[in-house]
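Student: Take the given structure of chain A and dock chain B to it, following the hints.
Those protein sequences? They're chains A and B, same order as listed.
1 is the number of the first residue of the first sequence in our numbering; add one for each residue after it.
673 is the number of the first residue of the second sequence in our numbering; add one for each residue after it.
Hints should not be assumed to be uniformly reliable.
What the hints assert, rightly or not - Taking lysine-lysine and the DSS-like style, the derived pairs with C-alpha atoms no more than 27 Å apart in a straight line are:
(1) A:Lys518 - B:Lys875
(2) B:Lys888 - A:Lys539
(3) B:Lys823 - B:Lys793
(4) A:Lys138 - A:Lys255
(5) A:Lys479 - A:Lys495
(6) B:Lys888 - B:Lys876
(7) A:Lys70 - A:Lys129
(8) B:Lys823 - B:Lys875
(9) B:Lys854 - A:Lys539
(10) B:Lys793 - B:Lys875
(11) A:Lys518 - B:Lys777
(12) A:Lys548 - B:Lys888
(13) B:Lys875 - B:Lys777
(14) A:Lys99 - A:Lys129
(15) A:Lys660 - A:Lys548
(16) A:Lys518 - B:Lys879
(17) A:Lys541 - A:Lys591
(18) B:Lys888 - A:Lys541
(19) A:Lys518 - B:Lys878
(20) A:Lys583 - A:Lys541
(21) A:Lys99 - A:Lys255
(22) B:Lys777 - B:Lys743
(23) B:Lys854 - B:Lys793
(24) A:Lys583 - A:Lys660
(25) A:Lys260 - A:Lys170
(26) B:Lys878 - B:Lys888
(27) A:Lys495 - B:Lys777
(28) B:Lys888 - A:Lys518
(29) A:Lys495 - B:Lys854
(30) A:Lys170 - A:Lys192
(31) A:Lys518 - B:Lys876
(32) B:Lys854 - A:Lys541
Hints in this document: simulated from the structure, not taken from any laboratory.
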Amino acid sequence: MGTRMLFFSSLFLLALPWLGYRYIDEMKNFLLQGQEDAQLLAARAVAVVLNGRAELFHPVDEPGDIAIEKSALYVYPLEDPVEVDGYSGDWGVLQQQAKIFGRESYIYDRTGGSGQAVTFSLLLGEYRKNLYALVRVKDENIVYRNPKYRRLDHSDHVRLELLTPGGERKRIIFITEGQGQVSVYEMMPDWKMPETGKPLYAISGIWQERTDGYNLELRIPGSWVGTQPHLMFSVANVDSTIERQIDSIAATLEKEHTGKLNRLITRSPQLDRILQGLGSADAGICVVDRYRRVRGVFGGENETALCSQKDMVSSELVDIALEGSQSVLRYENAEGESVIVAAQPVYTDVEVMGAVLVEKNSSHILGLQRESLQKIIIATFIVFLIAIAGLMLFAAWLAYRIRKLQKEASLAIDADGRVVSEHITADQYAADEIGQLSRDISSLLSRLKSYTGFLESVPRTLRHEILNPVNTISMSLQKLDANIASESLLNSARKAAQQLEMIVHSLTEAAHIEDALKQDEYERFDLAAMVSEYVNNSKLKHGEGRFKYTGPESGVYIMGSDLRIAQLLDKLKDNALDFSENKSEILFELKQLENKVELSVTNEGPGIPCDILDSLFSGMLSSRPIKDGRPHLGIGLFVANRIALQHGGELEMTNLAGNKGVRVSFTLALIS
Amino acid sequence: MSYHIAIVEDDPQQREHYAVALRANGYRVSEYANRDQAIHGFSQQLPDLAVLDIILGSEVGGGFEVCRELKRLSPQIPVIFLTTRGDELDKIYGLQLGAWDYQTKPVSLDFLVTRVDSLFKIKQSNTSHQAEVRVLGDIEMNPVTMRASWKHVAVELTPTEFDILAALLANPQGASIEDLVKATRQGLVEDNTINTHILHIRKKFKKVDPEFNCIKTRYGFGYCWICQ
Numbered sequence: 001m002g003t004r005m006l007f008f009s010s011l012f013l014l015a016l017p018w019l020g021y022r023y024i025d026e027m028k029n030f031l032l033q034g035q036e037d038a039q040l041l042a043a044r045a046v047a048v049v050l051n052g053r054a055e056l057f058h059p060v061d062e063p064g065d066i067a068i069e070k071s072a073l074y075v076y077p078l079e080d081p082v083e084v085d086g087y088s089g090d091w092g093v094l095q096q097q098a099k100i101f102g103r104e105s106y107i108y109d110r111t112g113g114s115g116q117a118v119t120f121s122l123l124l125g126e127y128r129k130n131l132y133a134l135v136r137v138k139d140e141n142i143v144y145r146n147p148k149y150r151r152l153d154h155s156d157h158v159r160l161e162l163l164t165p166g167g168e169r170k171r172i173i174f175i176t177e178g179q180g181q182v183s184v185y186e187m188m189p190d191w192k193m194p195e196t197g198k199p200l201y202a203i204s205g206i207w208q209e210r211t212d213g214y215n216l217e218l219r220i221p222g223s224w225v226g227t228q229p230h231l232m233f234s235v236a237n238v239d240s241t242i243e244r245q246i247d248s249i250a251a252t253l254e255k256e257h258t259g260k261l262n263r264l265i266t267r268s269p270q271l272d273r274i275l276q277g278l279g280s281a282d283a284g285i286c287v288v289d290r291y292r293r294v295r296g297v298f299g300g301e302n303e304t305a306l307c308s309q310k311d312m313v314s315s316e317l318v319d320i321a322l323e324g325s326q327s328v329l330r331y332e333n334a335e336g337e338s339v340i341v342a343a344q345p346v347y348t349d350v351e352v353m354g355a356v357l358v359e360k361n362s363s364h365i366l367g368l369q370r371e372s373l374q375k376i377i378i379a380t381f382i383v384f385l386i387a388i389a390g391l392m393l394f395a396a397w398l399a400y401r402i403r404k405l406q407k408e409a410s411l412a413i414d415a416d417g418r419v420v421s422e423h424i425t426a427d428q429y430a431a432d433e434i435g436q437l438s439r440d441i442s443s444l445l446s447r448l449k450s451y452t453g454f455l456e457s458v459p460r461t462l463r464h465e466i467l468n469p470v471n472t473i474s475m476s477l478q479k480l481d482a483n484i485a486s487e488s489l490l491n492s493a494r495k496a497a498q499q500l501e502m503i504v505h506s507l508t509e510a511a512h513i514e515d516a517l518k519q520d521e522y523e524r525f526d527l528a529a530m531v532s533e534y535v536n537n538s539k540l541k542h543g544e545g546r547f548k549y550t551g552p553e554s555g556v557y558i559m560g561s562d563l564r565i566a567q568l569l570d571k572l573k574d575n576a577l578d579f580s581e582n583k584s585e586i587l588f589e590l591k592q593l594e595n596k597v598e599l600s601v602t603n604e605g606p607g608i609p610c611d612i613l614d615s616l617f618s619g620m621l622s623s624r625p626i627k628d629g630r631p632h633l634g635i636g637l638f639v640a641n642r643i644a645l646q647h648g649g650e651l652e653m654t655n656l657a658g659n660k661g662v663r664v665s666f667t668l669a670l671i672s
Numbered sequence: 673m674s675y676h677i678a679i680v681e682d683d684p685q686q687r688e689h690y691a692v693a694l695r696a697n698g699y700r701v702s703e704y705a706n707r708d709q710a711i712h713g714f715s716q717q718l719p720d721l722a723v724l725d726i727i728l729g730s731e732v733g734g735g736f737e738v739c740r741e742l743k744r745l746s747p748q749i750p751v752i753f754l755t756t757r758g759d760e761l762d763k764i765y766g767l768q769l770g771a772w773d774y775q776t777k778p779v780s781l782d783f784l785v786t787r788v789d790s791l792f793k794i795k796q797s798n799t800s801h802q803a804e805v806r807v808l809g810d811i812e813m814n815p816v817t818m819r820a821s822w823k824h825v826a827v828e829l830t831p832t833e834f835d836i837l838a839a840l841l842a843n844p845q846g847a848s849i850e851d852l853v854k855a856t857r858q859g860l861v862e863d864n865t866i867n868t869h870i871l872h873i874r875k876k877f878k879k880v881d882p883e884f885n886c887i888k889t890r891y892g893f894g895y896c897w898i899c900q
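Isolated chain A, as found in the complex (with noise of 0.2 Å):
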């Protein structure tokens, strides 16, 4: 029992990390479950308030020219105010935003696409009203204005195209002799001339040199562009001072499309408050139009990665969402953090118009499962640690008692081989194996002893029995050395010979039978029908009154060597016979008891003492009447009990009520 329960629970034990690790990672996916579940929650309520708000996605309200529209100047919300000096360095990360307009952007091409390429990138930004503009161009060859010219088209210049709030179209020309501030002029539609010869202060703009080309930042009043802003850049190039013509002029509107404006897109304002109102501080939200332009944000810098600093968001999600369903994902940043994002599209009356982005870093869920990871495997240590520590105490403690034993087992027989103690006192009264091995002990101790003790009885009985026909044997002898020779002296003398030789063949007789037994053959046989037949054939031999059989007289099978039966019904009828009083009947009983019978012979006589009941089939003892001239070394009932036990019974004797007789009886086992 201890060996199994400690079996079972070093198991357990081993199972405990692992269940832990399941339920922690079951624990995270749970909880992510439930992030992606509040999140899209999130994005829905979001979503629900943008219904059929398209007003909100001022100024692209309706969709227009879808060319027009992808050409449309995406301005950046500006944190703080650029310092317009015509470096780029204070546009930050946003400089990675700009677009590029390169050859295929030309609107004019003196050369046939033969001279040099001129391009340029464009960067806007917004802050408290106010335009701001970065133009970068490349142009290895940069040609300033010759002030001998009148006409403002003989130098490399930029040129600003816009519509004011008052729908008036403004052209404005941005021209230099020199690296800073630059000469801002209101122009002739032919761009050839000014209208005015003032330059305009309201728009301030600085040219500086860059060893591929040059800058030139702007900063262009509110009051100019309005909330509904269209304006158009093109860049000017001039290479050659001697021809001063303009070679090339790149556009950020394309060819097709001359007469019109881009359209500037911005953060809707609208949008921003509602999202304010809306978010939360550890979420970020992000709007966008139907052309993926990021129309409005709340959030910290972390929460939008995918929304903040860019214009369009080009995501499997937001095309989910685009096309009106839900969706979630989970992807690492590039920190390496986990995000889930959750999309919901939003509606006009009747179609989709836009989509809710709401974005949160779960990276705190994993952070979660590692600090819970941590605390298992600590906690499955310590366990450990714990049950290492019992089961070591266990086995110490079971080596303790194995060794106590062990020492008073191999006390208890000295060194010539006999039983001091039959009784070992070490873990008696435990109910465990060692207890049982102890009491195994003790019992086998007491067996030996019993066994030991016949076995030095047995020159005592011996001498006793031998001394008999070897004394008159010897005194036959005398006579016949006195040569008193008579036929009743040779009798005796031969009488005691045989005497001796039974003896002998008596000891041989105990001594072999388990070998015997052994080597039998057994059979089935009717153990009623044979015990019928030997009583009716022992009433042949010894006289009719002496001998009564009741029981089946057949049907009684049983598994068996029936000549061993017979022999040891022998015994019992030999033991019988002469522990009987004379000429009374001595009684043979079969009686079936269910699956068993049981076999037994009472005869009428002295009991047997109390004391020696036990005993009596362990051989040598024999305290039986002498009644005839054969020696009695008690070895039938030995024999007869070897023989009950060989067939998987046991002979038990009992004394008669009032001690007036004695039962000897069995039971074996029956077959069907």
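Tutor: Chain B only, in chain A's frame:
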């Protein structure tokens, strides 16, 4: 011509007794005290019959070894084993020595001489002593040659087994264990020794006729022959 008998027995007194008794009956006797002596003696001259003690000094199975050697030299020589224990009987049968016999100690000298006589008669059985065959149903018994046959097929019995079978046939009521013990004419015989003999007799008959079932056990009494 007198027969030559070899006696192998380690106890000089007992050996002397056997020799005296056999010589008195006109046999020529060689005495050997151990296996080596015996085997050496056989190489000089083979006996006509051998009397072997099983335990020779420290050699517990010395008699069996001598017997094997003798059988190798001449398979036809009859052997009488002298045993002290009934349970050695099975070992003797284990050697499959055919019609050879055994005697339990203490040995009746008269009977030993008689048994030697009858073994020599069996040896000559094919040539003479055809008379006095007793027939009882399917069984035929020749008491002189100690030969038995069942349904005209010879059953090879040892002289002791022949005696037991004869006693069994003598009384239609069957023979008690005591009767059978007397029939072996050996000193003290355990009941179980008789059971062993009956077992072997049954086996030998079944070898000749698998249907044989004529010897019935009468529990508490003995055995009886039921095919008359």
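Student: Hint numbers the structure violates, sorted upward?
Tutor: Checked against the structure, no hint fails, so every one of them is satisfied.
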